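Novice: Chain by chain, the residues:
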Amino acid sequence: MHIPDGFLDGKTAATAAAISVVGVGFALRQVRRELPPRRVPLLGLAAAFLFAAQMVNFPVAGGTSGHLMGGVLVAALLGPSAAIVVLTAVVIVQCFLFADGGVSALGANLLNMGILGAGGGYLVYRLVSSRMRGLRGQVTGVAFGGWVSTVLAAIGCAGELAWSHTVAWSAGFPMMASVHMIIGLGEGLIGALAFAAIARTRPEIVAERTPASGGTLPGGILRYGLLVALVLAVFVAPFACPWPDGLESVAAKLGFDVQGASAIVHAPAPDYRLPGIHSAAGATALAGALGTLVVLGLALALGRVLVRKSVKDLSKESKQEPPC
Amino acid sequence: MLKDWLGHHHGHHDSAVHRLPATGKLVGALMMIVGTVLAPWEWRAWFIGMVVLLLMVMVLSQIAIWFVIRRLLLLSPFVLGVIVVNALHAPGHGNWLALAARSGLCLFTVVLLANTTPFGKILGALRSARVPALLVTTLALMHRYLFVLLDESERMRRARASRTFQRQRRVRWRVLGTLVGQLFVRASERAERIYSAMCARGWK
Amino acid sequence: MSGSIQVEGLRYRYHDGTEALCGVNFTIAPGECVGLLGPNGSGKSTLLLHLNGILPEKITGDGSIRIAGQAITAANLESVRRQVGLLFQDPDDQLFCQTVEEDVAFGPQQLGLTGKVLEARVERSLAMVGLVGYGHRATHHLSHGEKRRVCLAGVLACEPTILVLDEPTSDLDPRGRREFKTLLQGIPATKLIATHDLEWVVELCSRVIVLDGGVVVADGPTVEILNDEHLMLAHGLERPHSLRHHHPH
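Residue numbers (the working numbering), protein chains in the order written: chain E, 24 to 347; chain H, 10 to 213; chain D, 9 to 257.
Honestly, the hints are just simulated from the structure, not real lab data. Just so it is clear, the structure is predicted and the values come from calculations on it, not from any experiment. Don't be surprised by glycine CBs; every beta carbon is placed ideally from N, CA and C. Some hints could be false.
Below, in silico cross-link-like pairs of lysine-lysine (DSSO-like), each with a Cα-Cα straight-line distance of 27 Å or less [claimed, not checked]:
| # | chain 1 | residue 1 | chain 2 | residue 2 |
| --- | --- | --- | --- | --- |
| 1 | H | Lys34 | E | Lys34 |
| 2 | D | Lys124 | H | Lys130 |
| 3 | H | Lys34 | H | Lys130 |
To be clear about the criterion: a stretch of chain D counts as covered by chain H if any three or more of its residues have a C-beta under 8 Å from a C-beta of chain H, and this derived list gives those stretches [as the list claims (entries may be wrong)]:
| # | segment |
| --- | --- |
| 4 | 80-91 |
| 5 | 112-122 |
| 6 | 141-150 |
| 7 | 159-168 |
Working from the sequences, and respecting the hints, build out all of it.
Specialist: See the structure below:
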């Protein structure tokens, strides 16, 4: 879902770039504060890992990536700020070395896969893993969070394409959302399996990031939540909300001239403003909600399957007798 | 296939373009890309001019045309999908052509840039552009260890494949997940050793 | 005293209890070339990491390791790392820069060298390992043997008095082994080499220390110890073939 150059118009690319600079800048600052010096090389290695892991799963010829996987896994292992920095590195390298994703679209791709994907997915992971204690909660969180991250990224992408008049929302959103709801299943599954495998062989890596039982969320997380909300508000809400004047009012408020480019893709319905197909929108929302619940159920089942023992048993297994 | 792209031409060629300073090439490429993205489709002269300019750069840098064509044709399903949707839904509008042309020209630009500039020099340009050091270090280490981890993952995959006699779907997913997990553990351990090596040579 | 190593009663335990050292004692005089042998898991790598101050993670000023007569403390780490050059087992771990010259320059740069002096140091180090003109090469494109030599150049660029090497010939082809041996013989520093390559040790080292279970079980002339078949087998080693037809003087 790497958007190439030329698919986004100037205003979309610029807005996305601005927001992503803020988001990535914040993540960098957090990492500098939180990460001990001996973990610094791990950022670069985790970025290489994401790339290699993708190749293992989908060795698409030539290196064009269908979808960047693993953001939530890295966030669960290293924290959301580190994950965003890692994803930033991956997206940049993919852009410049593999021409996968456009230079002008860097901001948008970072927002979709980094902020919405890893950030949004991590929030879901935290929500789930703090409700369910122990490793099972973490595995379930990675599974469900991974799915959500894929879908959120796809929705953001559809929003940006719609704002640029490249693909109308009513055509782009259903296509992107439905395809990525399927792809997201694989993401969640592999992420959970990998997390469980790491917990089995090197539980100390996982134990470092166990959410503290109870207590308040750290300040950084609130800001990521705000960032995710902001991105959704700018790129998705104008299309998804049943406002009578939808996009035009937002554009007018922001001072953009919407008449500059004509709609390239004509939606099936004569008037692609949502109020005209309000009932269809309602049906879509219902389907989406149902799908989400089904996946949550699947994630819970997966957690149960993968983590049969409690955390205490796992940590006991890993201790060895010292020779002297 | 992947290693071809990583291998790059700049290791084997040395042309006038290769010798240009990286910052200049980066800035030039950026200007070309931004210009192509913003130029209205009606300004055909811009697009034709870009094609000519890029072809000239390609010839000067001794990069084979088949290399570029092969890369240009390798479009992700997503990109193809968007172009096809545009072509189908608005025939005669010609906007799918604009999409293809813009993305193609920018792709051409980036391919030329990447193949005439060692990544280390691009990093140097980023450093002088005051990009945060943490990000540059991460980019550097990612680039350095990309090959290494890809090799490791290939070896792990082959080892697993040689021991897999069934073709069950469920087994395959579990194996993939374990592989990914193992790969992360190895990456994590290597990162620790790299830190030790950096300290051993005096890094503070 | 410069270039000497004194280890007394060294103990170490990882967090999960693996690879401990249970009281290691030995002394190495300046200029000696000593082989460090032992089965896997004996603590060789852990011991080597102590000599450069990388382990223990928190230096408590215990005083059980002395480099050139000075105990390793948190305060003199920089000086220790300048004197002791450590070559890691996997050259990829140590070659973390983009190009050869960047990597060789890393150490001297940390020591404060810049400009023409730095360039000269890099060139001299590359010449010492026989890689003149490799400066601009990308590190991920090198062959295994070349990587090892660049690592050595990077360590030599800091002009250490002591060289500590961890399994330097693993993954090297016979020619690479020979070339590396010649290289090392030409370097006057004190050398401590952890290795499984017994034949190589016979050719290169006048003295060996055998480590097993975290303690020194043998310490003496190479030929004498390696000829002791009983000792070798007891500690996961064996008598090298070259000595089976060779009689100790």
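Novice: Give a verdict on every hint.
Specialist: Status of each hint after checking the structure:
1. Between the alpha carbons of Lys34(H) and Lys34(E) the distance comes to roughly 25 Å, so the proposed pair stays at or under 27 Å and holds.
2. A C-alpha spacing of about 20 Å is found between Lys124(D) and Lys130(H), which places the hinted pair at or below 27 Å, so the restraint holds.
3. A distance of roughly 10 Å separates the Cα atoms of Lys34(H) and Lys130(H); the hinted pair therefore holds under the 27 Å criterion.
4. Evaluation of the coverage hint for the segment 80-91 of chain D: fulfilled, as 3 residues show C-beta separations to chain H shorter than 8 Å, against a requirement of three.
5. A count of 4 residues in the segment 112-122 of chain D with a Cβ less than 8 Å from any Cβ of chain H is obtained; the coverage claim is therefore met, three being the minimum.
6. Remark: the segment 141-150 of chain D is confirmed as covered by chain H, as 4 of its residues place a Cβ nearer than 8 Å to a Cβ of that chain, reaching the required three.
7. Given as covered by chain H, the segment 159-168 of chain D passes the check, having 3 residues with a CB less than 8 Å from a CB of that chain where 3 are the minimum.
Violated hints for the displayed structure: none, as all numbered hints are satisfied.
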